[in-house]
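Student: Position in the sequence shown counted from 1, then plus 966, gives you this note's numbering.
Treat the hints as calculated values from the structure; they're not laboratory data.
Cβ atoms here follow ideal geometry from the backbone N, Cα and C, with glycine treated the same way.
One should not assume that every hint holds.
[Claimed, not checked] With a Cα cut of at most 27 Å, we get these calculated BS3-like pairs of lysine-lysine:
1) Lys1264 <-> Lys1172
2) Lys1172 <-> Lys1267
3) Lys1271 <-> Lys1172
[Claimed, not checked] Beta-carbon label-pair distances, calculated as ranges:
4) Ala1294 <-> Asn1167: 26 to 32 Å
5) Lys1264 <-> Asn1285: 16 to 22 Å
6) Ala1031 <-> Ala1207: 37 to 43 Å
7) Ala1213 <-> Gly1274: 19 to 25 Å
8) Asn1167 <-> His1418: 33 to 39 Å
9) Ala1287 <-> Lys1087: 52 to 58 Å
10) Gly1000 <-> Pro1042: 16 to 22 Å
11) Arg1406 <-> Gly1000: 43 to 49 Å
12) Thr1249 <-> Ala1031: 31 to 37 Å
13) Lys1264 <-> Ala1031: 39 to 45 Å
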Amino acid sequence: MLRTPTALAVLAATLCTAVAVPAQAAPTDTHLEGQLASGAKYLMDVPADWNGTVLLYSHGYRPAAAPVSAQNAPSPATLTELLDEGYALIGSSYATNGWAITDAVPDQLATLDLFTEKFGKARETIAWGTSYGGFVTTALAERHADRFDGSLSMCGLVQGGVANWNSTLDPVFALKTLLAPDADIPLAGFADQSAAVGAANALSAKVAEAQRTPEGRARIALAAALHNIPGYNDPSQTEPAPTEWNAQQANQYAAVSGLLNLPAFSWRQEAESRAGGNMSWNTGVDYTAMLARSPLFKEVKELYKEAGLALRTDLGALNRAPRIAADAKAVRWMRQTSALSGRLTDPQLNIHTTGDALIPVQAESAYRRAATAAHSGRLLSQAYVDSPGHCTFTTGETIGALRTLEHRLDTGRWDASPEALNSRAAQADSTTEPRYLSYRPTAYPRPYDLAHPGDARP
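Work out the full structure: start from the sequences and follow the hints.
Tutor: Structure representation (structure tokens):
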């Protein structure tokens, strides 16, 4: 929606200047911490010169055993800068960690309710979040549009829950099939965390052993390609040249090891415990076709050639291997709670790094697909930062994205070109070169959303 005042609104403000002031603005800077009825913790920072805009921040995924703590900004530097500029920043911990979407959405709304009760109704309310919090942000924007003027999802899991868990299954299925075909290593349906950790350790040992040989490295690259794990995915890595296949594979191996360590097993088990069973499947998946669509296909071909392996043979083994079927009840729960529709009522800006291994940049193409099908494409804008890693945005790039969303709310049109974003980022932080670029991600391997109800069924 536009926030540009009409002539009538300007006249009203002239006659009664109090309407432009938050109803209960505090006389001094205010920092509040507390607990909601759900048990979730909340955090609020409101400057004395509050500009009337409140930013509701949704934090990223935290393992179930991690401490529950509230967060109201992506970083301390961003928090400080925005408070200095007059924004109110709020956020909750969610009542639980893990795949907590059923807690996160109501807890974030309750935090916003409490803010309004204490400080008055905001002139403008923006939802924003990073990683899993970008997914929570998009769920808030889709399901509670009346509460927000716009939203900003940063490195978000915007492919939604069903697609995420399906895509997480594919690389571990390939690793087990090609590197440990006779081992009894379950990939889903874990009884508890101990079972999940045991399976992760068993497969990790096989992968570590395989990394020592050209044949094993080629097969690990194949598994990485099924999840679109880039060959430059962490700021600590040296960026390989376009044809340095082995250097790219070494970087992918590090990311694959991380995937096995937590998301593919431990985090999956926690999500399964909420869903009531295994919510992902690979029945009917053609891995030959999936690899052919991957931007990493060329690397895999070259590494297989170097190892003296027949890629067609391994793909045939993948396509013949016994598949994993989903629990229909668990899929239903995940679909009802964690699949996105693409139906936006207010503007949303998504930003993503190009070298993200945890939530590959292709997640953005999945949400673009959903928004287009839901006739919300004009409300969605997406921008990309040329950086390795997950959520590795600078403070300037983050605030530049917020400025770009605000420009859309002011004018009714998007000005989200790399040049515009870089200019706003540089204004916010002159010490770091901004890295927005023209980029278009390839298709997400296995999209699933509520705008395509008959698509990708188990």
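Student: Does each hint hold? Answer for all of them.
Tutor: Consistency of the hints with the structure:
With a C-alpha separation of about 25 Å, the suggested pair lysine 1264 and lysine 1172 falls inside the 27 Å cut-off, and the hint holds. Taken as a hint, the lysine 1172 and lysine 1267 pair is honoured in the structure, with Cα atoms around 22 Å apart against an allowance of 27 Å. For the hint pairing lysine 1271 with lysine 1172, the CA-to-CA distance comes to about 22 Å; that is within 27 Å, so the pair holds. At about 30 Å, the beta-carbon gap between alanine 1294 and asparagine 1167 stays in the expected band of 26 to 32 Å.
Taking 16 to 22 Å as the suggested C-beta distance range, the pair lysine 1264 and asparagine 1285 conforms, at roughly 21 Å. Between alanine 1031 and alanine 1207 the Cβ separation comes to about 41 Å, which falls inside the hinted range of 37 to 43 Å. At roughly 20 Å, the beta-carbon separation of alanine 1213 and glycine 1274 lies within the given 19 to 25 Å, and the hint holds. Between asparagine 1167 and histidine 1418 the CB atoms are about 37 Å apart, so this pair conforms to the stated range of 33 to 39 Å.
Range check, alanine 1287 to lysine 1087: about 57 Å between beta-carbon atoms, so the 52 to 58 Å window is met. Separated by about 21 Å at the C-beta atoms, glycine 1000 and proline 1042 satisfy the suggested range of 16 to 22 Å. Remark: the range hint 43 to 49 Å for arginine 1406 to glycine 1000 is upheld by a beta-carbon distance near 44 Å. For the hinted restraint 31 to 37 Å between threonine 1249 and alanine 1031, the CB-CB distance of approximately 32 Å keeps it satisfied.
Between lysine 1264 and alanine 1031 the Cβ separation comes to about 40 Å, which falls inside the hinted range of 39 to 45 Å.
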